[in-house]
Amino acid sequence: MTDTPTDTVVTGLADTALSLPESSGPDIKALAHLNGATVVRLSFRAGQTMAEHTARWPILVVSQAGRVEFTVGDQTTVLTPGSAIHVEAEISHSLTATEDSALSLIVLTPHHHPK
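Basically my numbering = 1-based index in the sequence shown + 278.
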């Protein structure tokens, strides 16, 4: 991550779980805490899941690598590189990786103006 007074460059978004040891869950790494957004990389090995949960703020999930089944309610969307899904705050959702995968999670937090 590189910061200047007016912008932030975030790197490492497409790093996959291939270098991770076998584990029961995905690797979750916060890459940047910004004014109005938090950027997180989610890396999954094929077969790993993230159980149903909610997010306090709206989210945008962008597929960087692999294939992930993203379920909201009874609707499942397959995320592949270049696709994304937006989910409103407090909506239950779950994820299942069908391939080794990397996702960028952007949590759309409230914008705080400096005083």
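Misleading hints may appear alongside valid ones.
[Stated by the list, open to error] Just the calculated beta-carbon pair ranges, DEER-fashion:
no.: 1; residue 1: Gly325; residue 2: Thr280; range: 32 to 42 Å
no.: 2; residue 1: Ala324; residue 2: Ile369; range: 20 to 30 Å
no.: 3; residue 1: Val288; residue 2: Thr358; range: 34 to 44 Å
no.: 4; residue 1: Ala367; residue 2: Asp285; range: 20 to 30 Å
no.: 5; residue 1: Thr376; residue 2: Asp285; range: 17 to 27 Å
no.: 6; residue 1: Asp352; residue 2: Thr284; range: 17 to 27 Å
These are calculated hints, taken from the structure and not from any lab test.
Glycine residues also receive a C-beta, built at the ideal position from the N, C-alpha and C atoms.
Okay, the hints, checked on the actual structure:
1. Gly325 / Thr280: 32 to 42 Å: holds (35 Å)
2. Ala324 / Ile369: 20 to 30 Å: holds (26 Å)
3. Val288 / Thr358: 34 to 44 Å: Given a distance of about 21 Å, which is not inside 34 to 44 Å, the answer is violated.
4. Ala367 / Asp285: 20 to 30 Å: holds (26 Å)
5. Thr376 / Asp285: 17 to 27 Å: This hint is violated: roughly 35 Å between Cβ atoms.
6. Asp352 / Thr284: 17 to 27 Å: Given about 43 Å between the Cβ atoms, the range is violated.
Hint violations for this structure: numbers 3, 5, 6, all remaining hints satisfied.
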